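Chains as they are written, first to last, in my numbering: chain Y, 1 to 113; chain E, 1 to 111.
Worth flagging that the hints you see were computed from the coordinates, not collected in a lab.
Bear in mind the structure is a predicted one, so any value in this text is a computation, not a measurement.
The beta-carbon is built from N, C-alpha and C at its ideal position, and this holds for glycine as well.
Some hints here could point you the wrong way.
Dumping the calculated PhoX-like pairs for lysine-lysine here, alpha-carbon to alpha-carbon at most 25 Å [stated by the list, open to error]:
1. Lys57/Y <-> Lys3/E
2. Lys3/E <-> Lys83/Y
3. Lys42/Y <-> Lys83/Y
Sample of chain Y residues lacking proximity to chain E, with all beta carbon distances greater than 12 Å (derived) [unchecked claim]:
4. Val4
5. Val12
6. Met15
7. Gly16
8. Arg22
9. Asn74
10. Val113
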Amino acid sequence: EPEVTQTPSHQVTQMGQEVILRCVPISNHLYFYWYRQILGQKVEFLVSFYNNEISEKSEIFDDQFSVERPDGSNFTLKIRSTKLEDSAMYFCASLRGADYGYTFGSGTRLTVV
Amino acid sequence: LAKTTQPISMDSYEGQEVNITCSHNNIATNDYITWYQQFPSQGPRFIIQGYKTKVTNEVASLFIPADRKSSTLSLPRVSLSDTAVYYCLVGPPINNNDMRFGAGTRLTVKP
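Please put together the full structure from these sequences, using the hints given.
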């Protein structure tokens, strides 16, 4: 079964540092998403991406966040200057189209110290 | 996006059928209902999706009444490994739609 792959699985960074979280969506999917989940809390939508541009973003996705699809396979989330409250699991998801449901990756656990 | 309401938690025993109901009173005409399962430290996993009546796959069944203001996820003969959080999401299956997760239902299956 095709998978969404995320790397790294765990990243520790110092406050103020930039981090890039990487995702390889399923190859024939067209729509890409980033979600995050703070420990013990619900899954929160960050941003959706289609046709090489952001289609929607939440209030969480401020100027410190950016997304890119630099080539035909990778989809990245960059946090420019991390804060302690950015510590969370970050999930990438992709969608083939209507009626199929999202496929999520296994996540990157980001710890900001 | 339609707001959903689910029980916070449910307990069950191995071998029982579990039914988790989700209320979505303001569901729109073009909204679908999708259920996800999440284990600790893992990403949500798609279980089933439906629009009306009944949908069944190898994992679960989804029952949707005619008014579509609620839906019920049915898990037949649960096992300990079905212990997880289950999310009901409602939204249009358009190309760039985002799904907003609620708090979900924490199902605990006991031996």
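Results for each hint:
no., hint, result
1, Lys57/Y <-> Lys3/E, "holds, 18 Å"
2, Lys3/E <-> Lys83/Y, "violated, 30 Å"
3, Lys42/Y <-> Lys83/Y, "holds, 19 Å"
4, Val4, "violated, 8 Å"
5, Val12, "holds, 16 Å"
6, Met15, "holds, 23 Å"
7, Gly16, "holds, 26 Å"
8, Arg22, "holds, 15 Å"
9, Asn74, "holds, 18 Å"
10, Val113, "holds, 19 Å"
This entry does not satisfy hints 2 and 4, going by the numbered hints stated previously.
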